[in-house]
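*Asks:* Sequence:
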Amino acid sequence: MDSSKHHHNISPENSANFVSKLLFWWTIPFFKYGYKNDLKMKDVYNVMSSDRSEYLANELEKNWTSVKAYSLSNKVKPSLLIAIRNTFWKSFMVVGIIIMLRNVLYAYFMPIVLSQFIEIFNESPRDIIKGSYLGATVIIMNFLNCLIAHQGTLYTRRIGMRVRIACCSLMYRKVLKLNTNSLNTTGAGMLVNLLSNDVNRLDFAASVIHFIWIMPIQAAIGTYVMYSFVGPVAFVAIGAMILQAVPVQGYLSRIQGQLRRKIASKTDHRMKVTNEVLSQIQMIKMYVWEKQFQKVVTCLRKSEINLIKKPHISKQYQHQCKYSQKEFLST
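Under full-length UniProt numbering, the first residue of the sequence shown carries the number 1, and numbering increases by one thereafter.
It should be emphasised that the hints constitute simulated quantities derived from the structure, not laboratory data.
Since this is a predicted model, take the numbers as computed values, not measurements.
Among these hints, one or two may not hold up.
Here are the in silico distance ranges between beta carbons for each label pair [to be verified]:
{"hint": "1", "residue 1": "K77", "residue 2": "T137", "range": "49 to 55 Å"}
{"hint": "2", "residue 1": "N37", "residue 2": "S15", "range": "21 to 27 Å"}
{"hint": "3", "residue 1": "I28", "residue 2": "V230", "range": "45 to 51 Å"}
{"hint": "4", "residue 1": "L72", "residue 2": "H319", "range": "40 to 46 Å"}
{"hint": "5", "residue 1": "R157", "residue 2": "F235", "range": "33 to 39 Å"}
{"hint": "6", "residue 1": "I242", "residue 2": "G34", "range": "28 to 34 Å"}
{"hint": "7", "residue 1": "I139", "residue 2": "L72", "range": "53 to 59 Å"}
{"hint": "8", "residue 1": "R157", "residue 2": "K77", "range": "44 to 50 Å"}
{"hint": "9", "residue 1": "Y45", "residue 2": "K77", "range": "37 to 43 Å"}
{"hint": "10", "residue 1": "C299", "residue 2": "P12", "range": "51 to 57 Å"}
{"hint": "11", "residue 1": "P29", "residue 2": "A205", "range": "29 to 35 Å"}
{"hint": "12", "residue 1": "T153", "residue 2": "M41", "range": "24 to 30 Å"}
No more than 20 Å apart at the CA atoms, straight line, and that leaves these computed lysine to aspartate or glutamate pairs for EDC-like [to be verified]:
{"hint": "13", "residue 1": "K90", "residue 2": "D203"}
{"hint": "14", "residue 1": "K315", "residue 2": "E304"}
{"hint": "15", "residue 1": "K42", "residue 2": "E61"}
{"hint": "16", "residue 1": "K90", "residue 2": "D43"}
{"hint": "17", "residue 1": "K62", "residue 2": "D51"}
{"hint": "18", "residue 1": "K36", "residue 2": "D51"}
{"hint": "19", "residue 1": "K177", "residue 2": "E61"}
{"hint": "20", "residue 1": "K291", "residue 2": "E276"}
Just so it is clear, CB atoms sit at the ideal spot from N, CA and C, and this is done for glycine as well.
Throw the hints in and build the complete structure from the sequences for me.
*Replies:* This is how it looks when you write it as structure tokens:
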């Protein structure tokens with residue numbers, strides 16, 4: 001954005017109280033204004049200070065420098081993952097607790113409370129007081145689940161966005177420091193992939209990385225709950241789920257990783273050819289070679305698109321396995 005046209009419109013989230021943030025009331029004036037007027041750039045709120053690229057990049061760069069110094073003294077390879085962990089560990093911890101509350105406590109205790117509430121209608125005489133308490137518990141748990149789900153989604157997306165912005169800013173700073181020889185050896189396609197495609201995985205990773213430690217807790221509580229209801233048959237269902245999840249999902253994930261590496265190589269090659277064509281465009285036009293080079297670039301792009309289709313097919317198989325697993329376990 002042109003700095004001369006930058007508008008100072010402070011976000012009301014900065015001054016919103018706890019209840020307003022919890023229920024997203026601070027967004028209502030913006031939606032009301034947008035309903036009655038056409039939104040312009042001056043109406044969009046400024047980025048919060050904690051989400052600004054300069055602040056995030058400075059924090060990550062500080063930890064990255066510490067990691068490099070430690071790695072140099074211990075003669076080990078520096079890890080960007082450690083720098084990210086040291087920078088955003090507090091935010092990740094908060095998001096992890098929110099995800100655990102929803103996927104462990106609510107997911108397994110809600111069916112127990114609901115089954116006890118339904119069981120009251122089969123009793124004679126009915127315990128009205130117990131039913132009232134259980135009914136109120138069901139309502140409160142659903143309300144809390146709604147709040148936790150929306151707040152969890154917001155904070156998960158925000159932490160993923162922050163990690164992505166910090167990494168992009170750090171790469172941008174590194175590119176500005178490279179000399180001409182380094183820039184010539186580094187493919188433009190690789191940089192484009194890193195900044196436009198690969199960093200988007202960080203948004204997705206922020207929402208799923210916590211299931212590495214949440215899933216064992218889920219499995220333990222889920223097995224206990226199923227065993228208390230259906231007996232030893234629960235172990236059969238859990239065993240079938242593990243057999244389906246580990247080999248099949250692991251194999252498909254490995255295939256997707258291999259295909260992504262091939263796609264990155266194809267994209268890098270296509271970008272190199274495209275840059276060479278653009279740099280010599282005057283000579284190409286002088287000798288009327290446009291159609292020949294157009295065929296070359298088109299052929300490379302078609303080959304790349306054909307390879308891009310394969311990970312999506314593999315991902316659809318993963319989704320199919322996930323949904324068929326639910327149907328299998330329910331039977």
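*Asks:* Each hint needs a verdict: does it hold in this structure or not?
*Replies:* Hint check results:
1. K77 <-> T137: 49 to 55 Å: holds (52 Å)
2. N37 <-> S15: 21 to 27 Å: holds (23 Å)
3. I28 <-> V230: 45 to 51 Å: holds (47 Å)
4. L72 <-> H319: 40 to 46 Å: Holds, since L72 and H319 (Cβ atoms, about 44 Å apart) stay within the stated range.
5. R157 <-> F235: 33 to 39 Å: About 37 Å separates the Cβ atoms of R157 and F235, which means 33 to 39 Å holds.
6. I242 <-> G34: 28 to 34 Å: violated (48 Å)
7. I139 <-> L72: 53 to 59 Å: holds (58 Å)
8. R157 <-> K77: 44 to 50 Å: violated (31 Å)
9. Y45 <-> K77: 37 to 43 Å: holds (41 Å)
10. C299 <-> P12: 51 to 57 Å: With Cβ atoms ~53 Å apart, the hint holds.
11. P29 <-> A205: 29 to 35 Å: holds (34 Å)
12. T153 <-> M41: 24 to 30 Å: Since T153 and M41 have Cβ atoms about 26 Å apart, the given range 24 to 30 Å holds.
13. K90 <-> D203: holds (17 Å)
14. K315 <-> E304: Distance ~18 Å between K315 and E304 Cα, so the pair holds.
15. K42 <-> E61: violated (32 Å)
16. K90 <-> D43: violated (32 Å)
17. K62 <-> D51: holds (17 Å)
18. K36 <-> D51: violated (29 Å)
19. K177 <-> E61: holds (14 Å)
20. K291 <-> E276: Judged against 20 Å, a Cα distance of about 15 Å means the pair holds.
Hint violations for this structure: numbers 6, 8, 15, 16, 18, all remaining hints satisfied.
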